[in-house]
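S.K.: Listed below, chain by chain, are the residues.
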Amino acid sequence: MAEFDYQQLDDIIHSRIRLAIMALLVSVESANFVFIREKVNASDGNLSVHIRKLEDAKYVSSTKKFIDRKPVTTFQITSLGQKAFSAYVDRLSGLISGD
Amino acid sequence: MTNKNAQQDLAFIKQVIEDSRKNASGLGDHMMVWGIITSIGMIVSYILTQVQIGGNTEWIHWALLIAGGWTFELIYKRKVESKKPVLTYADKVANGLWCSFGISMTILGFIGIYTGGISIKYLSPIFCCLLAVGFFTSGFIYDAKWMRHNAMGYWIGALIMFFITGTYHLLLMAAMTIGYMVIPGYKMRSWS
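Those protein sequence lines, which keep their order, are chains L and G. Just so we're aligned: 5 in our numbering is position 23 of the first sequence, and the numbers increase by one with no gaps anywhere. Just so we're aligned: 83 in our numbering is position 72 of the second sequence, and the numbers increase by one with no gaps anywhere.
Note that these hints are calculated values from the structure, not bench results. Some hints here could point you the wrong way.
Stated by the list, open to error - With a straight-line cut-off of 30 Å between C-alpha atoms, the simulated BS3-like cross-links for lysine-lysine are:
1. L:Lys35 - G:Lys25
2. G:Lys132 - L:Lys21
3. G:Lys15 - L:Lys46
4. L:Lys21 - G:Lys15
5. L:Lys52 - G:Lys94
6. G:Lys103 - L:Lys40
7. L:Lys21 - G:Lys94
8. L:Lys47 - G:Lys88
9. L:Lys47 - G:Lys94
10. L:Lys21 - G:Lys90
11. G:Lys103 - G:Lys90
12. L:Lys35 - G:Lys15
13. G:Lys25 - L:Lys65
14. G:Lys95 - L:Lys65
15. G:Lys25 - L:Lys21
16. L:Lys52 - G:Lys95
17. L:Lys46 - G:Lys94
18. L:Lys35 - G:Lys103
19. L:Lys47 - G:Lys95
Please model the complete structure; the sequences and the hints are all you need to start from.
M.R.: So, in structure tokens, the structure goes:
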């Protein structure tokens, strides 16, 4: 089986859970924490750590608001995140096709 | 990393994106409410033509129903839409499409009839054509074949209505609205 140089891939995105978060957010306008947690099937703590990493890289931005007196955090992908995700997918496709 | 891993990752990304796009339940509520409003309006209009009350009172029930519909929209936006866990691009486009459609219908229905620019006889087929545009486009936005079939139904209905004499077009419009808006709208609520 052919091996790839994994260093060609963006480290921030190249983790199963962060990849899932990015793929989810790239396909929607915005999503709240609970929705993302259910979709990527992660625990609160695990998801928080991974989202923080994406926020630190400025790939994802968050908005906090109160709904029915409960705090709700909504996440959106940034333009930098969109570019990074697009580059990641292109790189992945390129690796498969051998470019 | 192997070729197989990369292919799995790409397949995984595709799956997540496709799943996310299917989160479109809000439209069902709007379809149900406007479908019920239109059906009631059409049936009341038909009854009024049969009992011949007299006076220019045909528009009163429509004014009340449409005002009720727009009030629902305002409350829904504040109470429900702002609490939705996810906002998809499909929802955003469809909301814009159907909102512009609702404004057009309101102008045509009230101002068009008031000024005499549109004959009341042809209002139902004109609405059918507009609804068909909305459903046909939504069918592509949500990748839902049944919406495109609804559009076909409305176009056929419009053709029939242009040739129907009397006021039976009102009953046909009411039946079509129940079949193409109320029932699918109810089913769509389970999409989320």
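S.K.: Hint by hint, say whether it matches the structure.
M.R.: Status of each hint after checking the structure:
no.: 1; hint: L:Lys35 - G:Lys25; verdict: holds, 23 Å
no.: 2; hint: G:Lys132 - L:Lys21; verdict: violated, 50 Å
no.: 3; hint: G:Lys15 - L:Lys46; verdict: violated, 39 Å
no.: 4; hint: L:Lys21 - G:Lys15; verdict: holds, 24 Å
no.: 5; hint: L:Lys52 - G:Lys94; verdict: holds, 11 Å
no.: 6; hint: G:Lys103 - L:Lys40; verdict: holds, 24 Å
no.: 7; hint: L:Lys21 - G:Lys94; verdict: holds, 18 Å
no.: 8; hint: L:Lys47 - G:Lys88; verdict: holds, 16 Å
no.: 9; hint: L:Lys47 - G:Lys94; verdict: holds, 10 Å
no.: 10; hint: L:Lys21 - G:Lys90; verdict: holds, 24 Å
no.: 11; hint: G:Lys103 - G:Lys90; verdict: holds, 17 Å
no.: 12; hint: L:Lys35 - G:Lys15; verdict: holds, 27 Å
no.: 13; hint: G:Lys25 - L:Lys65; verdict: holds, 17 Å
no.: 14; hint: G:Lys95 - L:Lys65; verdict: holds, 27 Å
no.: 15; hint: G:Lys25 - L:Lys21; verdict: holds, 14 Å
no.: 16; hint: L:Lys52 - G:Lys95; verdict: holds, 14 Å
no.: 17; hint: L:Lys46 - G:Lys94; verdict: holds, 13 Å
no.: 18; hint: L:Lys35 - G:Lys103; verdict: holds, 28 Å
no.: 19; hint: L:Lys47 - G:Lys95; verdict: holds, 13 Å
Hints 2 and 3 from the list above are not met by this structure, while the remaining hints are.
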